[in-house]
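If you read the sequences in order, they're chains S and U. Take the first sequence: its position 35, counted from the start at 1, is 35 in the numbering used here, and no numbers get skipped. Take the second sequence: its position 11, counted from the start at 1, is 11 in the numbering used here, and no numbers get skipped.
Hints are computed from structural coordinates only; laboratory data are not their basis. Among the hints, a few may not be true.
[Claimed, not checked] Below, computed lysine to any residue pairings styled on SDA-like, alpha-carbon distance capped at 20 angstroms:
hint : chain 1 : residue 1 : chain 2 : residue 2
1    : S       : K58       : U       : K44
2    : U       : K44       : S       : K78
3    : U       : K44       : S       : N53
4    : U       : K44       : U       : F65
5    : S       : K42       : U       : R110
6    : U       : K44       : S       : P82
7    : S       : K42       : U       : F65
8    : S       : K42       : U       : Q41
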Amino acid sequence: ILNVEQSPQSLHVQEGDSTNFTCSFPSSNFYALHWYRWETAKSPEALFVMTLNGDEKKKGRISATLNTKEGYSYLYIKGSQPEDSATYLCASVNYGQNFVFGPGTRLSVLP
Amino acid sequence: EAGVAQSPRYKIIEKRQSVAFWCNPISGHATLYWYQQILGQGPKLLIQFQNNGVVDDSQLPKDRFSAERLKGVDSTLKIQPAKLEDSAVYLCASSLAGENQPQHFGDGTRLSIL
C-alpha cells in the first residue's frame with residue numbers, strides 16, 4: 001500500500017490568520033486527489049476533488065493546488081475562523097490502488 | 001437529499017463476540033465504501049462496492065470481516081469474532097460511479113471491544 005503523508009500533524013492559529021497544509025502522495029499512476037474536512041462529532045465533508053496537474057480549486061476562503069509530477073497538494077485557508085477548526089484529510093487514488101487517506105492535519109482556530 | 005445513514009452509532013461488545021453494521025447510501029449512488037478509522041490515523045479502505053459487485057477488498061481481513069451489498073443498495077459489514085484491535089470508527093461512504101467523484105460519508109459507528 002502506497003503512503004500518503006500530511007503535514008503538519010496539528011496546527012493552532014489565531015482567528016484571522018491565514019494558514020496552509022501539505023499532502024504528499026505517490027506521483028506514479030496518479031488518478032485523483034481528494035480533500036475532506038472532518039469536524040468533531042460530524043461526518044467528513046468533501047471539499048475538493050482534483051485530477052489535473054496545476055489545478056487550483058476554491059470554495060469560499062479555502063483553496064487548494066495540485067502538483068501531480070512531484071506528488072503534493074496544498075490546502076490554504078484565508079482568514080481562519082473558529083468554525084474552520086477540524087481535521088483536514090487528503091486521499092490519493094492511483095491506478096491499481098484505490099483510496100489511501102493521509103493521517104490528517106488537525107486545525108484549531110483560537111478566537 | 002437524504003444523506004448516508006448508518007446504524008448503530010455506538011456499539012460495545014466483548015472480544016470474540018460478533019457485530020454487524022448497516023449502511024444505506026444516498027439514492028442513486030452506485031459506489032459504496034466501508035472504512036475503518038483508528039484513533040490518530042486516517043480512514044483505511046476496507047471494501048469498495050460498485051452496485052452489488054466488489055471492486056476492492058484487498059485490505060479487508062477476510063478471516064473475520066465480511067461485507068455484502070446484495071441488492072446494490074444497502075450494505076452490511078460484519079466482524080466475527082471481534083478482537084481488541086478492531087476498536088475503531090467504521091465509516092460508510094457513497095458516491096456516484098468513479099473515483100473522481102466526491103464521497104458522502106455517514107456519521108460512523110464507534111465500536112469498542114472490551
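Task: Restraint check for K42 of chain S with F65 of chain U, where alpha carbons must lie at most 20 angstroms apart - done: Outside the cut-off at roughly 25 angstroms; violated.
Task: Pair hint outcome, K58 of chain S versus K44 of chain U [Cα-Cα no greater than 20 angstroms] - done: violated, 27 angstroms
Task: Restraint status (C-alpha distance of K42 of chain S to Q41 of chain U at most 20 angstroms) - done: It holds: about 17 angstroms lies between the C-alpha atoms, which stays within 20 angstroms.
Open item on the list: Next pair to validate is K44 of chain U with K78 of chain S; report whether the Cα-Cα distance is within 20 angstroms.
Closed with: violated, 30 angstroms
Open item on the list: Please verify whether K44 of chain U and P82 of chain S have alpha carbons no more than 20 angstroms apart.
Closed with: violated, 28 angstroms
Open item on the list: With the threshold set at 20 angstroms, check whether the alpha-carbon distance from K44 of chain U to N53 of chain S stays at or below it.
Closed with: violated, 26 angstroms
TODO: Sort out whether R110 of chain U lies within 20 angstroms of K42 of chain S, counting only the CA atoms.
DONE: holds, 12 angstroms
Open item on the list: Check the hint pairing K44 of chain U with F65 of chain U against an upper bound of 20 angstroms on the C-alpha distance.
Closed with: holds, 14 angstroms
Checked against the numbered hints given earlier, this structure breaks hints 1, 2, 3, 6 and 7; the rest are met.
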